[in-house]
Amino acid sequence: MMQAATPSDSVPDGEEFERFYREAWPGAVRLAGLLTQHAGAAEDLAQEAFARMYPKWHRAEHPPAYLRTTLVNVCHNWHRQKTTERTKLPMLAEPAATDFAFDELADAVAALPYRQRAVLVLRYHDDLSEAEIADALGCRPGTVKSLASRALEQLKKGIEQ
Amino acid sequence: MSAKTHAELEARLAELFDAQARAFPDTRREWSAVPVASVALLDEQRKRRRTRTTLGALGTIAAVAALVVGVMNIGGSGKRVEVKPPVAGAPGVPAVHFETHQVKLDADAFFVEAYGKRFTAKDTRVYVGTDPGDDHQTLELEWDEHGVNMRVYFSFAADATDWWVDQIRAYDNKAENDGIYSSGERFRTPLGSAFQGDVDLSQHSVRLHFTNLRLEAFRRPPACANPTSQYVLDPSSDPVDSSGAISARLLNAATCTEVANLDGYLFEFDSSDPTIATITYDPINDPDPACAAPCSAHRIRADVGLKAPGETTGTVIARDKASGAVVATANFRVVSSGDGS
Numbered sequence: 033m034m035q036a037a038t039p040s041d042s043v044p045d046g047e048e049f050e051r052f053y054r055e056a057w058p059g060a061v062r063l064a065g066l067l068t069q070h071a072g073a074a075e076d077l078a079q080e081a082f083a084r085m086y087p088k089w090h091r092a093e094h095p096p097a098y099l100r101t102t103l104v105n106v107c108h109n110w111h112r113q114k115t116t117e118r119t120k121l122p123m124l125a126e127p128a129a130t131d132f133a134f135d136e137l138a139d140a141v142a143a144l145p146y147r148q149r150a151v152l153v154l155r156y157h158d159d160l161s162e163a164e165i166a167d168a169l170g171c172r173p174g175t176v177k178s179l180a181s182r183a184l185e186q187l188k189k190g191i192e193q
Numbered sequence: 017m018s019a020k021t022h023a024e025l026e027a028r029l030a031e032l033f034d035a036q037a038r039a040f041p042d043t044r045r046e047w048s049a050v051p052v053a054s055v056a057l058l059d060e061q062r063k064r065r066r067t068r069t070t071l072g073a074l075g076t077i078a079a080v081a082a083l084v085v086g087v088m089n090i091g092g093s094g095k096r097v098e099v100k101p102p103v104a105g106a107p108g109v110p111a112v113h114f115e116t117h118q119v120k121l122d123a124d125a126f127f128v129e130a131y132g133k134r135f136t137a138k139d140t141r142v143y144v145g146t147d148p149g150d151d152h153q154t155l156e157l158e159w160d161e162h163g164v165n166m167r168v169y170f171s172f173a174a175d176a177t178d179w180w181v182d183q184i185r186a187y188d189n190k191a192e193n194d195g196i197y198s199s200g201e202r203f204r205t206p207l208g209s210a211f212q213g214d215v216d217l218s219q220h221s222v223r224l225h226f227t228n229l230r231l232e233a234f235r236r237p238p239a240c241a242n243p244t245s246q247y248v249l250d251p252s253s254d255p256v257d258s259s260g261a262i263s264a265r266l267l268n269a270a271t272c273t274e275v276a277n278l279d280g281y282l283f284e285f286d287s288s289d290p291t292i293a294t295i296t297y298d299p300i301n302d303p304d305p306a307c308a309a310p311c312s313a314h315r316i317r318a319d320v321g322l323k324a325p326g327e328t329t330g331t332v333i334a335r336d337k338a339s340g341a342v343v344a345t346a347n348f349r350v351v352s353s354g355d356g357s
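Sequences listed follow chains A and B, in order.
Residues in the first sequence are numbered from 33 upward in steps of one, following the working numbering.
Residues in the second sequence are numbered from 17 upward in steps of one, following the working numbering.
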């Protein structure tokens with residue numbers, strides 16, 4: 033989960049952003065990787081999100097949420113535009129984490145439409161509430177529920193085949 | 017496959033995401049403002065990086081493309097929701113009127129007070145939506161006023177005889193601000209009728225007020241109003257916007273109750289203009305884990321692909337499996353922003 037400092041009036045904007053960047057960077061890379069299921073693009077997309085956020089830093093009243101929303105949008109754009117073959121996200125080299133069923137689930141997650149996968153990542157990895165996910169995706173809470181329900185049904189179908 | 021239950025699938029998802037996240041090294045990086053000076057500079061920096069390593073080359077190209085496309089999309093992106101301005105003003109006309117396929121809300125006066133300002137949703141565009149669940153529904157209102165994106169959200173539950181409100185929220189679209197988050201059963205009302213009364217809720221310096229609120233959820237499907245055949249089809253929403261899916265129920269027209277066994281029927285979905293939105297029948301053959309028994313073992317559902325901005329008409333048809341005869345048909349609107357995801 034992304035967690036980082038919030039702005040305060042006593043620190044200049046530049047230093048404050050740099051501190052936020054340092055603290056939020058690892059989480060942003062992980063979230064980009066999970067959203068896209070593409071390890072190779074994660075750092076670039078995280079950098080992209082910070083670059084977009086930088087000129088608007090003084091207006092970001094809740095930087096972690098602002099970064100999350102920006103990252104979701106950047107990854108969505110990348111997902112729409114990508115024409116290259118998806119590189120499967122690497123798994124940990126732990127025997128327990130690489131069983132066959134686990135790989136099936138990873139394949140099914142990677143095959144989901146972007147917004148469905150984003151809802152699952154934000155809910156089950158970032159532990160966000162329905163309202164927070166709705167804010168990050170720019171949709172209504174009811175749509176989050178619908179996307180999550182649809183995604184879980186798709187996963188069940190995918191891993192049972 | 018080992019994920020047999022909903023809970024197990026959720027647990028395995030958390031486990032999968034955790035394992036994938038741990039696969040990323042916990043790198044640190046210092047910020048440099050130079051790359052954000054312009055798209056050209058960013059591009060140049062990435063070209064230099066590309067000469068150092070080929071590992072992330074494809075991702076880099078895609079990310080630069082994403083930046084350009086993202087900038088172009090700023091002006092064109094819009095909310096993929098139906099806009100229904102409130103009706104107000106004239107004598108005898110409710111001050112606010114919000115209506116979806118499942119929920120209807122009228123009130124003689126309505127406002128939210130927060131941050132020293134009063135939000136009335138008048139003279140602005142209000143986004144009205146409902147999540148059409150089997151035993152839970154919502155009414156979601158969203159509008160911009162005083163530079164704030166304000167939201168009022170009702171969650172409804174029902175049993176065989178009554179419906180009621182089980183959550184009310186009034187909040188702005190900022191995570192750090194408090195709002196009204198009120199859970200608990202309210203307004204229990206027999207199915208088929210509306211709750212009526214004044215409502216005034218305050219929490220965290222936010223106040224939500226309705227004068228003479230008339231609120232009805234789990235409304236009797238319009239398809240049952242003047243049936244011309246033995247069965248009617250009830251689409252879950254009208255219009256369909258960003259949800260990506262549409263479901264429908266086959267109802268016995270005389271009783272307006274759902275046909276429990278759908279084995280004897282075939283279903284088709286179609287779009288009048290597939291260049292705006294495609295509608296592909298994709299049934300679900302498991303009961304909804306969240307629905308209250310008895311639940312149908314089959315749900316009539318279709319995927320909606322939004323292809324281009326515009327509006328088109330969707331059709332769902334039920335046929336008798338043995339004879340092929342049409343037993344019910346229904347149309348619904350699809351409002352597309354052109355976002356295919």
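Bear in mind the hints are in silico, worked out from the structure with no lab data behind them.
Here the structure is a predicted model, which is why all the values come from computation and not from measurement.
Even for Gly, the Cβ is constructed at its ideal location relative to N, Cα and C.
Any given hint might turn out to be false.
Claimed, not checked - Keeping only pairs whose Cα atoms sit at most 20 angstroms apart, straight-line, the calculated DMTMM-like set for lysine to aspartate or glutamate is:
hint: 1; chain 1: B; residue 1: K120; chain 2: B; residue 2: D182
hint: 2; chain 1: B; residue 1: K138; chain 2: B; residue 2: E161
hint: 3; chain 1: B; residue 1: K133; chain 2: B; residue 2: D160
hint: 4; chain 1: A; residue 1: K189; chain 2: B; residue 2: D319
hint: 5; chain 1: A; residue 1: K189; chain 2: B; residue 2: E26
hint: 6; chain 1: B; residue 1: K120; chain 2: B; residue 2: D175
hint: 7; chain 1: B; residue 1: K133; chain 2: B; residue 2: E115
hint: 8; chain 1: B; residue 1: K337; chain 2: B; residue 2: D289
hint: 9; chain 1: A; residue 1: K188; chain 2: B; residue 2: E31
hint: 10; chain 1: B; residue 1: K138; chain 2: B; residue 2: D178
hint: 11; chain 1: B; residue 1: K133; chain 2: B; residue 2: D175
hint: 12; chain 1: A; residue 1: K188; chain 2: B; residue 2: E24
hint: 13; chain 1: B; residue 1: K120; chain 2: B; residue 2: E201
hint: 14; chain 1: A; residue 1: K188; chain 2: B; residue 2: D319
hint: 15; chain 1: B; residue 1: K138; chain 2: B; residue 2: D216
hint: 16; chain 1: B; residue 1: K323; chain 2: B; residue 2: D298
hint: 17; chain 1: A; residue 1: K189; chain 2: A; residue 2: E136
hint: 18; chain 1: B; residue 1: K120; chain 2: B; residue 2: E26
hint: 19; chain 1: B; residue 1: K323; chain 2: B; residue 2: D286
hint: 20; chain 1: A; residue 1: K88; chain 2: B; residue 2: E46
hint: 21; chain 1: A; residue 1: K189; chain 2: B; residue 2: E24
hint: 22; chain 1: B; residue 1: K323; chain 2: B; residue 2: E274
hint: 23; chain 1: B; residue 1: K138; chain 2: B; residue 2: D182
hint: 24; chain 1: B; residue 1: K337; chain 2: B; residue 2: E327
hint: 25; chain 1: B; residue 1: K120; chain 2: B; residue 2: D178
hint: 26; chain 1: A; residue 1: K188; chain 2: B; residue 2: E26
hint: 27; chain 1: A; residue 1: K189; chain 2: B; residue 2: D298
hint: 28; chain 1: A; residue 1: K188; chain 2: A; residue 2: D139
hint: 29; chain 1: A; residue 1: K88; chain 2: A; residue 2: E136
hint: 30; chain 1: A; residue 1: K188; chain 2: B; residue 2: D298
Claimed, not checked - Reference listing, derived: stretches of chain B covered by chain A, where coverage requires no fewer than 3 residues with Cβ under 8 angstroms from a Cβ of chain A:
hint: 31; stretch: 23 to 33
hint: 32; stretch: 37 to 43
hint: 33; stretch: 135 to 147
hint: 34; stretch: 153 to 165
Worksheet item: Holds or violated: K188 (chain A) with E31 (chain B), Cα cutoff 20 angstroms?
Response: Cα-Cα ~16 angstroms, so holds.
Discussion item. Between the stretch 135 to 147 of chain B and chain A, are there enough contacts, at least three residues with CB-CB distance under 8 angstroms, for the coverage claim to hold?
Written reply: That given contact holds, which follows from 4 residues of the stretch 135 to 147 of chain B lying within Cβ reach (below 8 angstroms) of chain A.
Fill in: Straight-line alpha-carbon gap K188 (chain A) to D298 (chain B), limit 20 angstroms
Holds, at about 14 angstroms.
Practice prompt. Sort out whether E26 (chain B) lies within 20 angstroms of K188 (chain A), counting only the CA atoms.
Written response: Measuring from Cα to Cα gives roughly 11 angstroms; hence the hint holds.
Fill in: Restraint check for K133 (chain B) with D175 (chain B), where alpha carbons must lie at most 20 angstroms apart
violated, 38 angstroms
Practice prompt. Measure nothing beyond the straight line between the CA atoms of K323 (chain B) and D298 (chain B); if it is 20 angstroms or shorter, mark the hint as holding.
Written response: With a Cα-Cα distance of about 18 angstroms, the restraint between K323 (chain B) and D298 (chain B) holds, given a limit of 20 angstroms.
Discussion item. Hinted pair, alpha-carbon criterion (20 angstroms max): K189 (chain A), D319 (chain B). Please report holds or violated.
Written reply: holds, 15 angstroms
Worksheet item: Within 20 angstroms, alpha carbon to alpha carbon, are K138 (chain B) and D182 (chain B)?
Response: The hint is violated at about 26 angstroms.
Discussion item. Can you confirm whether the C-alpha distance between K133 (chain B) and E115 (chain B) stays at or below 20 angstroms?
Written reply: Not OK: K133 (chain B) and E115 (chain B) at ~26 angstroms, beyond 20 angstroms, violated.
Worksheet item: Within 20 angstroms, alpha carbon to alpha carbon, are K188 (chain A) and D319 (chain B)?
Response: holds, 16 angstroms
Worksheet item: Holds or violated: are the alpha carbons of K323 (chain B) and D286 (chain B) at most 20 angstroms from each other?
Response: With a Cα-Cα distance of about 15 angstroms, the restraint between K323 (chain B) and D286 (chain B) holds, given a limit of 20 angstroms.
Worksheet item: Are there at least three residues in the stretch 153 to 165 of chain B whose beta carbon sits under 8 angstroms from a beta carbon of chain A?
Response: holds (count 3)
In summary, the numbered hints that this structure violates are 7, 8, 10, 11, 18, 22, 23, 24 and 29.
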